[in-house]
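These protein sequence lines map, in sequence, to chains A and B.
In this text, residue positions in the first sequence follow UniProt numbering: the first is 1, and each later residue adds one.
In this text, residue positions in the second sequence follow UniProt numbering: the first is 1, and each later residue adds one.
Any given hint could turn out to be false.
To list a few chain B residues with every Cβ distance to chain A over 12 Å, as calculated [stated by the list, open to error]:
1. Leu-8
2. Leu-9
3. Phe-69
4. Ala-70
5. Glu-72
6. Pro-88
7. Glu-89
8. Thr-100
9. Glu-114
10. Pro-158
11. Ala-272
12. Glu-276
13. Ser-393
14. Ser-397
15. Ser-401
16. Asp-479
Straight-line distance between alpha carbons at most 30 Å, and here's what the computed DSSO-like set of lysine-lysine pairs gives [claimed, not checked]:
17. A:Lys-410 with A:Lys-504
18. B:Lys-374 with B:Lys-86
19. A:Lys-147 with A:Lys-504
20. B:Lys-504 with B:Lys-410
21. B:Lys-147 with B:Lys-504
22. B:Lys-86 with B:Lys-373
23. B:Lys-504 with A:Lys-147
24. B:Lys-147 with A:Lys-147
25. A:Lys-504 with B:Lys-147
Per label pair, the in silico range of CB-to-CB distance [stated by the list, open to error]:
26. A:Gly-92 with B:Asp-177: 22 to 32 Å
27. B:Arg-503 with A:Arg-359: 43 to 53 Å
28. B:Glu-214 with A:Arg-359: 22 to 32 Å
29. A:Lys-86 with B:Glu-214: 24 to 34 Å
30. B:Asp-468 with A:Ala-338: 53 to 63 Å
31. A:Asn-271 with B:Glu-485: 52 to 62 Å
32. B:Arg-11 with A:Asp-354: 50 to 60 Å
33. A:His-28 with B:Asp-177: 29 to 39 Å
Note that these hints are calculated values from the structure, not bench results.
We put the beta carbon where it would ideally sit given N, CA and C, even for glycine.
Protein chains: 2
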Amino acid sequence: MTAPSAPLLIRMHANDNVAIVANDGGLHAGTALPDGLVLREHVPQGHKVALVDLVAGDAVRRYDVPIGFAHEDLPAGSWVHERRLKMPEARGLEDLPLATRQVELPPLEGYTFEGFRNPDGSVGTRNLLAITTTVQCVAGVLEHAVKRIRAELLPQYPNVDDVVGLEHGYGCGVAIDAPDAVIPIRTLRHISLNPNFGGEVMVVSLGCEKLQPERLLPPGVIPLVDERNVADIGNNAGPGLDVVTLQEHDGFGPMIDTIMARAELHLERLNARRRETVPASELVVGVQCGGSDAFSGVTANPAVGYCADLLVRAGATVMFSETTEVRDGVAQLTARAATPEIAQAVIREMAWYDEYLQRGSVDRSANTTPGNKKGGLSNIVEKAMGSIVKSGSAPISGVLSPGEKLNGRKGLIYAATPASDFICGTLQLAAGMNLHVFTTGRGTPYGLAEVPVIKVATRSDLARRWHDLMDLNAGRIADGEASIEDMGWELFRLMLEVASGRRKTWAEQHRLHNALVLFNPAPVT
Amino acid sequence: MTAPSAPLLIRMHANDNVAIVANDGGLHAGTALPDGLVLREHVPQGHKVALVDLVAGDAVRRYDVPIGFAHEDLPAGSWVHERRLKMPEARGLEDLPLATRQVELPPLEGYTFEGFRNPDGSVGTRNLLAITTTVQCVAGVLEHAVKRIRAELLPQYPNVDDVVGLEHGYGCGVAIDAPDAVIPIRTLRHISLNPNFGGEVMVVSLGCEKLQPERLLPPGVIPLVDERNVADIGNNAGPGLDVVTLQEHDGFGPMIDTIMARAELHLERLNARRRETVPASELVVGVQCGGSDAFSGVTANPAVGYCADLLVRAGATVMFSETTEVRDGVAQLTARAATPEIAQAVIREMAWYDEYLQRGSVDRSANTTPGNKKGGLSNIVEKAMGSIVKSGSAPISGVLSPGEKLNGRKGLIYAATPASDFICGTLQLAAGMNLHVFTTGRGTPYGLAEVPVIKVATRSDLARRWHDLMDLNAGRIADGEASIEDMGWELFRLMLEVASGRRKTWAEQHRLHNALVLFNPAPVT
Ligand SMILES: [Ca+2]
Ligand SMILES: [Ca+2]
Ligand SMILES: [Ca+2]
Ligand SMILES: [Ca+2]
Ligand SMILES: [Ca+2]
Numbered sequence: 001m002t003a004p005s006a007p008l009l010i011r012m013h014a015n016d017n018v019a020i021v022a023n024d025g026g027l028h029a030g031t032a033l034p035d036g037l038v039l040r041e042h043v044p045q046g047h048k049v050a051l052v053d054l055v056a057g058d059a060v061r062r063y064d065v066p067i068g069f070a071h072e073d074l075p076a077g078s079w080v081h082e083r084r085l086k087m088p089e090a091r092g093l094e095d096l097p098l099a100t101r102q103v104e105l106p107p108l109e110g111y112t113f114e115g116f117r118n119p120d121g122s123v124g125t126r127n128l129l130a131i132t133t134t135v136q137c138v139a140g141v142l143e144h145a146v147k148r149i150r151a152e153l154l155p156q157y158p159n160v161d162d163v164v165g166l167e168h169g170y171g172c173g174v175a176i177d178a179p180d181a182v183i184p185i186r187t188l189r190h191i192s193l194n195p196n197f198g199g200e201v202m203v204v205s206l207g208c209e210k211l212q213p214e215r216l217l218p219p220g221v222i223p224l225v226d227e228r229n230v231a232d233i234g235n236n237a238g239p240g241l242d243v244v245t246l247q248e249h250d251g252f253g254p255m256i257d258t259i260m261a262r263a264e265l266h267l268e269r270l271n272a273r274r275r276e277t278v279p280a281s282e283l284v285v286g287v288q289c290g291g292s293d294a295f296s297g298v299t300a301n302p303a304v305g306y307c308a309d310l311l312v313r314a315g316a317t318v319m320f321s322e323t324t325e326v327r328d329g330v331a332q333l334t335a336r337a338a339t340p341e342i343a344q345a346v347i348r349e350m351a352w353y354d355e356y357l358q359r360g361s362v363d364r365s366a367n368t369t370p371g372n373k374k375g376g377l378s379n380i381v382e383k384a385m386g387s388i389v390k391s392g393s394a395p396i397s398g399v400l401s402p403g404e405k406l407n408g409r410k411g412l413i414y415a416a417t418p419a420s421d422f423i424c425g426t427l428q429l430a431a432g433m434n435l436h437v438f439t440t441g442r443g444t445p446y447g448l449a450e451v452p453v454i455k456v457a458t459r460s461d462l463a464r465r466w467h468d469l470m471d472l473n474a475g476r477i478a479d480g481e482a483s484i485e486d487m488g489w490e491l492f493r494l495m496l497e498v499a500s501g502r503r504k505t506w507a508e509q510h511r512l513h514n515a516l517v518l519f520n521p522a523p524v525t
Numbered sequence: 001m002t003a004p005s006a007p008l009l010i011r012m013h014a015n016d017n018v019a020i021v022a023n024d025g026g027l028h029a030g031t032a033l034p035d036g037l038v039l040r041e042h043v044p045q046g047h048k049v050a051l052v053d054l055v056a057g058d059a060v061r062r063y064d065v066p067i068g069f070a071h072e073d074l075p076a077g078s079w080v081h082e083r084r085l086k087m088p089e090a091r092g093l094e095d096l097p098l099a100t101r102q103v104e105l106p107p108l109e110g111y112t113f114e115g116f117r118n119p120d121g122s123v124g125t126r127n128l129l130a131i132t133t134t135v136q137c138v139a140g141v142l143e144h145a146v147k148r149i150r151a152e153l154l155p156q157y158p159n160v161d162d163v164v165g166l167e168h169g170y171g172c173g174v175a176i177d178a179p180d181a182v183i184p185i186r187t188l189r190h191i192s193l194n195p196n197f198g199g200e201v202m203v204v205s206l207g208c209e210k211l212q213p214e215r216l217l218p219p220g221v222i223p224l225v226d227e228r229n230v231a232d233i234g235n236n237a238g239p240g241l242d243v244v245t246l247q248e249h250d251g252f253g254p255m256i257d258t259i260m261a262r263a264e265l266h267l268e269r270l271n272a273r274r275r276e277t278v279p280a281s282e283l284v285v286g287v288q289c290g291g292s293d294a295f296s297g298v299t300a301n302p303a304v305g306y307c308a309d310l311l312v313r314a315g316a317t318v319m320f321s322e323t324t325e326v327r328d329g330v331a332q333l334t335a336r337a338a339t340p341e342i343a344q345a346v347i348r349e350m351a352w353y354d355e356y357l358q359r360g361s362v363d364r365s366a367n368t369t370p371g372n373k374k375g376g377l378s379n380i381v382e383k384a385m386g387s388i389v390k391s392g393s394a395p396i397s398g399v400l401s402p403g404e405k406l407n408g409r410k411g412l413i414y415a416a417t418p419a420s421d422f423i424c425g426t427l428q429l430a431a432g433m434n435l436h437v438f439t440t441g442r443g444t445p446y447g448l449a450e451v452p453v454i455k456v457a458t459r460s461d462l463a464r465r466w467h468d469l470m471d472l473n474a475g476r477i478a479d480g481e482a483s484i485e486d487m488g489w490e491l492f493r494l495m496l497e498v499a500s501g502r503r504k505t506w507a508e509q510h511r512l513h514n515a516l517v518l519f520n521p522a523p524v525t
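Bound conformation, chain A alone (with noise of 0.2 Å):
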């Protein structure tokens, strides 16, 4: 498991300028390489190293592609570090080829899991309770509910394995009807019907918020409806949404009985289901990197990718998202994109996101974070190449605007979100994923309570120190002691074990769930 002591440089194509120090502690000035390169100065782990004499002006090129310019001129063996280089401009959205660049993947048949099939026909790699929130004002309420939930009910409904509030900052006190309100609206609605909640739906209101139970889910939007009829709906609602009101109660005791007394009714339906054999098409997998390091782009990415195109191969479906960090690579999107007009819609949602960020007077490079820098990535071009590669090789065959559902799309799906990882994961959410990876260079202790969370590591050394957050090393890729490819595969066979609910992951076994965190580029009143 220790990185190997020789020095090692990784390049990731034959036109690089520049390579990266895979070693722990990096590498001292004056180190020799095996191809008789010598360092000039200290080379951090995960930073650049100029293979050949770079003059200022010169292209920088990682991945076959210019991450920057040379501010000074930089010989052979210099740090290239983020200070030293001039970003290049964001490539503008007009002659981007489209729908140009199409793989054939072979079909990959035989792999399945043991999951919940839902009435819509999708499938759940869990089975909770979620308990969907109108408004900010009944979190206290529902936090009280589901402490008790928890507590007295489900150690009766053991085929259940917890019980969720969606609680989130939304609502009320927003600009309900600006034009971008829709994107919250929809992503509340959408993560209301998430695979992980067996159709279930059960809605706390308070009452006279803005976002009214019908406008959250108006009828129609629930599939299956009659099923799930209860005897005393409240008076917002329309026929089969299961809301409690709290406004129509007489005081906290009520409303929380009342809340119990429902969240009963659904916890036997759901107690009364089993995971029965499905195939690995049925996975619905989130895809997304947060605390990013050189070596994101290195290993645990391409694995991803590489696990990416297994999934697709395997008739699932895989999303990609972090709009900032695909942004610089649109022309290898809309090459991929499986026809002109999938091209034109990935054209639609980058074009869109550089408005938005133009309205708050910042553009794509408000994306990298001190993390990123001390981790060796110069700029958010070299972070979107590095990033970019957990798509895999794929034909994109769809795109979703944020908060959109999946609807049962299947392949390589461009899921247009920020690249927050609450909120790209709220998102995916939305989108219907119900299995997620992660992956992190810096290390984050990330989670969910909707939906599993793989969590794989960039380098071995944080793997290590890691042990109980970590669920796989793609570092072992640096150490030379993996392929790209066994580390693809291990990885899908992960997925297939956590969704199968064999292996639970770090972040389930110690609980570990952040905030459902919506994206609103509304203004809030």
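Could you slot chain B with the ligands onto chain A? The hints should help.
Relative to chain A, chain B with the ligands alone:
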């Protein structure tokens, strides 16, 4: 406690041509009122009745201002509701009266409460260990640690009321250098310094996030740093800032261990503190309304306004907020400003908010809710007139931009915030509030972990039904059982009891804690 059975109308000003129905259940068509007026149709409780024959285009006056113009002829006895009114345009921000109306209020002496005196001179009403977070990424780990601190450590420190994790959705994946990012950053900074936390600042950081600890709490912002030096600070932090950086830990177990060990140092110091008698001038009261109805502006808000005057007379600080709810009363506010500079600051905040809403293609009218309209509030103008009375009659002695801190400012302060209950509460916490007063007509179980929230019902019916959630019943004013002055004094005395810890609010008893919801007008990335 029952409402009088005789028909009862409430008119706010002698010049008004409408009044509201006070009776529970409203009044039926044909009801004869004491002055001979006969209702032409059923008018629900809280809704308006035309007192004279109005013809189409006539101004409908309430609070002595035109709250709208009749769309159609409305003979005396008609129900005057929102679909029968055209809303007036917003008052322009030019040619406003500046500091023209000054009221001299007599001092009020001799009132005290028992509070926790802080090193910086501020006074807490509760003694809480608050753990600041830089980023949502750490929320799962912190939640786990807080549960263990509460269960395992808190019983050993009986003078400490509780431990609170200051979780939020900000900190990374945001455009942190955008012009408007100053708002969420200073909000979080100032919340950490709230008087109820005893000057103990403990931060949990991930490590690679955008909002680094030294940016959140740069050297110098925490008073009396010397006392708080601890042995082993995170290497991201300036001297004296107690930071636990998760990425510096070898896994989940050690993270929890460190957080608990650090918490204990703070608990020891907090536990040594004792309440002492302090003048009422140490109260810092944030007032707001939520779930408003037509009684808000008739009972609870005028009582709060009377109490606000008592507080100002006692030398205390009172903040009123909710920009979209005072926008239509801007001329009242600028007239009441203590100086022309303060009036200009009011105008500056209104102009900023106008522009902010316009960026999202909406205006102040986006404020009103379905519940407001059901409760009888026709539009934002009428709602604003009923909201603004919470500020009483004192001169406005200062203005805070969103997230700014009072820093000892006294008197009546306009703290500009959105009207959203949870966002307003979060910003008033940042300003330094040590007591929160919340009036509600439709009813909300709102509560905060950080500060006691006194909830005031606008109607006896709500107070009766929500007997275990409402701390005071201002509906007695409409019932003819108490005057506005009586109720203002009752609230004032209740505040001193609650501030002293002798009485717990209902929200405290049930531990109803709404989330911190930040105002972030800048983009996410
Ligand atoms: Ca990322
Ligand atoms: Ca991310
Ligand atoms: Ca209000
Ligand atoms: Ca409010
Ligand atoms: Ca929580």
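> Are there hints from earlier that the structure breaks, and if so, what are their numbers?
Replying inline: none
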